[in-house]
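**Q** Going down the list, the protein sequences come from chains A and B. The first sequence: position 175 = 174 (numbering that gives the first Met the number 0), numbered continuously. The second sequence: position 49 = 48 (numbering that gives the first Met the number 0), numbered continuously.
Treat the hints as calculated values from the structure; they're not laboratory data. Where hints are given, some of them may not hold.
To be verified - Pulled a few chain B residues facing chain A out of the computed Cβ check, cut under 7 Å:
(1) 5
(2) 8
(3) 9
(4) 189
(5) 220
(6) 267
For glycine and all other residues, C-beta sits at the position ideal for the given N, C-alpha and C.
2 protein chains.
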Amino acid sequence: MRQAGRYMAEYREIRARHSMLEMCSNPELAAEVTLQPIEHMEVDAAILFSDILLPLVPMGLQLEYVEGDGPVIDNPVRSVKDLERLRPVDVDESLGHVASAVKLVTDELGGRVPLIGFAGAPFTLASYAIEGGSSRNHVLTKRFMYEEPDAWHALLGKMSAVVVDQLTAQVHAGVSAVQLFDSWVGHVGPDDYTEFVLPHSRRVFERVATLGVPMIHFGVGTTGLLESMRDAGADVVGLDWRIPLDEGWRRLGPDTGVQGNLDPVTLFAPRDHIRKRVHDILAKADGQPGHIFNLGHGVLPETPVDNVKYVVDLVHEY
Amino acid sequence: MRQAGRYMAEYREIRARHSMLEMCSNPELAAEVTLQPIEHMEVDAAILFSDILLPLVPMGLQLEYVEGDGPVIDNPVRSVKDLERLRPVDVDESLGHVASAVKLVTDELGGRVPLIGFAGAPFTLASYAIEGGSSRNHVLTKRFMYEEPDAWHALLGKMSAVVVDQLTAQVHAGVSAVQLFDSWVGHVGPDDYTEFVLPHSRRVFERVATLGVPMIHFGVGTTGLLESMRDAGADVVGLDWRIPLDEGWRRLGPDTGVQGNLDPVTLFAPRDHIRKRVHDILAKADGQPGHIFNLGHGVLPETPVDNVKYVVDLVHEY
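Okay, chain A solo, but in the shape it has when bound (with noise of 0.2 Å):
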């Protein structure tokens, strides 16, 4: 998960005069930001400071982050006449700007930790298109599956091909491991993730396997979907705090490795809550190669930044 954010001060000072479109379109302050975390919290990579929809506006769909209300898109993707609209995306034309903070961010960080880049993964993309927005039942998006299959795949088939292009972008850049985030996965059912989700995310895998970085592959609300998310083909399979580690690596395998999983809001418990639960994880994690240790999803608001950095310490210790 992206490590930058508002439970940061010096975030929150430059995200005061920036919009979110802009600090995600401008190298050096998405360089920065990337940075405070490494620069404050000794975590062991840096994740890049990006955002998973910006492939959306140069395929045509109207983007704004509106205050407490998230992403919201004014033209989204109802119909396949509006499929028709979206237009193929020249990743280094359009999205240059990512690789540049890329280059810029490991310039800065000169070998002292990795840097971890990502993108969103097709269904969320296409989740957003379709919805305009967050959604909460996932009607829009589950009835576009049902009722236009063809244009669903084609729909897929479309944001497949900019993932790739964008993980392949960032990559030769120099990130040293890449993310699929599909953060609305877990609202499908195991039949649905099969016929109308997989394939994408697979083909997204395949493809960038060929460039020889480690790949991650994070959703949440995910327990029922732990085999299918790792025959799509990552090295790595995000737990949330919903499964125990250990029960979650053993239906995983040996030969995958987990990212995860304390539960977010344990940031915001006393400090002896903290330690037993940190723990717990690696405790259960054994000491096994191929275990990132991580929140089970992204750092809350208003977590205090000093029990971010007191969990950082825990790992390091242990």
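Start from chain A and add chain B according to the hints.
**A** Okay, now just chain B, sitting in the frame of chain A:
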């Protein structure tokens, strides 16, 4: 899940003239809408029209239903002091209208189909009381757990007592089965569930078991909690659509029944897709006794009512 709702024109007609709380506290109105699905779609059981938050009002919480925002509580429980303010509830006196509605419905049904009663689970009631409404991350609820565990358990003890009294009153008034709704519990990890939730749900089921009616335990997003929810003691555990029915049932074991598990959004799909998914669930249940066909969550407001009827008919034909 409650069957009556905005997807039915007959319901919307009554709802246009009465607030949610008026409908719940007027036995004639509650009985009328409870019976609407029975008259229109030949379901095999009636589900009492009520609301899980009703007991919060006599406890002293100021509950309102705000159009678009759902339930809002103006004086939420945020401290040990707030907790002391909560009044014990005399269910017969304060919620006697629910028992009256049960009597009206069972009289009207005359044994044609059973009536299922319900209540909110202690955790979900506490979460609403603390957050003051719906919540995305349940930060306040979990902080309360972690920071004030004794007060947390005292709060859930109060909730459990009123839930037991509610279900007892419903059984005495004539319901044939009861359901405990833990709507928000899917946000809690397995360790938190065991420590902060399970003891209270278990106490409810232990007490209600003495009344001799079947007990159903429902949650959503609970793929990682099924065994723990079973251990709380219900006869039937609800499955949402995020797990294949046969896999969920295997995990629960043959001594526990299952309820579920069609994705509510399936009801927006073309008929051939609906039929395929309904048949798939019934095939996975394999004719074993102890399966209650149901959606994996409530009927969504815009659902085409003809598709609900179609599913009922499909199940009966099969």
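**Q** For the hint on residue 9 of chain B, does the least C-beta distance to chain A fall short of 7 Å?
**A** violated, 22 Å
**Q** So, as I understand it, the hint says residue 5 of chain B touches chain A; can you test that by seeing if any CB pair is closer than 7 Å?
**A** Check failed: Cβ of residue 5 of chain B comes no nearer than 13 Å to chain A, outside 7 Å.
**Q** Would you check whether residue 267 of chain B satisfies its interface hint, that is, whether its CB is within less than 7 Å of any CB in chain A?
**A** holds, 5 Å
**Q** For the restraint on residue 189 of chain B, tell me whether the closest CB of chain A is nearer than 7 Å.
**A** OK, holds: residue 189 of chain B within 7 Å of chain A, min 6 Å.
**Q** Interface hint check: residue 8 of chain B, Cβ to nearest Cβ on chain A, cutoff 7 Å. Holds or violated?
**A** Hint on residue 8 of chain B: violated, closest Cβ of chain A at ~19 Å, above 7 Å.
**Q** Checking hints one by one. Is residue 220 of chain B an interface residue toward chain A, by the C-beta closer than 7 Å rule?
**A** holds, 6 Å
The structure fails hints 1, 2, 3 (numbered hints given earlier, in ascending order).
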